[in-house]
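Participant: Model the full structure from these sequences, guided by the hints.
First to last, the protein sequences are chains A and B. For the first sequence, position 62 (counting from the first letter as 1) is numbered 62 according to my numbering, and the numbering increases by one without interruption. One rule links them: number in my numbering = place in the second sequence (from 1) + 1000.
It is worth saying that the hints were derived from the structure and are not from the lab. This list has only true hints and no planted wrong ones.
Distance windows between CB atoms, simulated:
1. Arg1015/B to Gly15/A: 42 to 50 Å
2. Gly53/A to Leu1067/B: 39 to 47 Å
3. Thr1014/B to Gly15/A: 47 to 55 Å
4. Ala1080/B to Lys108/A: 43 to 51 Å
5. Pro1008/B to Pro109/A: 33 to 41 Å
Owing to the predicted nature of the structure, the values given are computational and were not obtained by experimental measurement. The C-beta atom is built at its ideal place from N, Cα and C for all residues, glycine as well.
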Amino acid sequence: GQNIDQPTEMTATEGAIVQINCTYQTSGFNGLFWYQQHAGEAPTFLSYNVLDGLEEKGRFSSFLSRSKGYSYLLLKELQMKDSASYLCAFKAAGNKLTFGGGTRVLVKP
Amino acid sequence: ETGVTQSPTHLIKTRGQQVTLRCSSQSGHNTVSWYQQALGQGPQFIFQYYREEENGRGNFPPRFSGLQFPNYSSELNVNALELDDSALYLCASSLEGWGANVLTFGAGSRLTVL
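Facilitator: Below is the structure:
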């Protein structure tokens, strides 16, 4: 079957680093996505991994291990505006994304 | 380029009624997907349209139906509304083909069923 799991909530301090883990199970795999969603707004694309390894994009990095069914999103130099939900999703076939429940990150001053 | 626009932004219906939600895809995109996002949860795939035909469907009953028009805009129709249909309905567009096929989401239509 298919499933995907990520923590419900995390709290961190402004300027710190937070790592959001995501584990998944799927028979077919065509990539792992991370989206950011502020309350009441549309999810916005952060990163895409299809090969193993680390993809760095400014303050955000994403890692994938296909053999372990594992990904993480690393947020560095946290800012107050980073308070949001972070959605992990895999693509198995076509353009359908299977999302996790989202991790709500609260950044405190 | 214009992004994905959805209408209406908010609406309230009662059980048993029908609702139509609309979506205009991002310029240059030919594929539209619809997702249902309950409060505090991740989006759940409803279905996808490509070249005006349904091209994949999630675990939703037949009372959820859709259309895609020649200009790639789309509608989501839900009949016989139930209380559990209360959610944010997200439309996402993308360009079918090789590559990441990143979905661009609209801000959603928040449906409340009383």
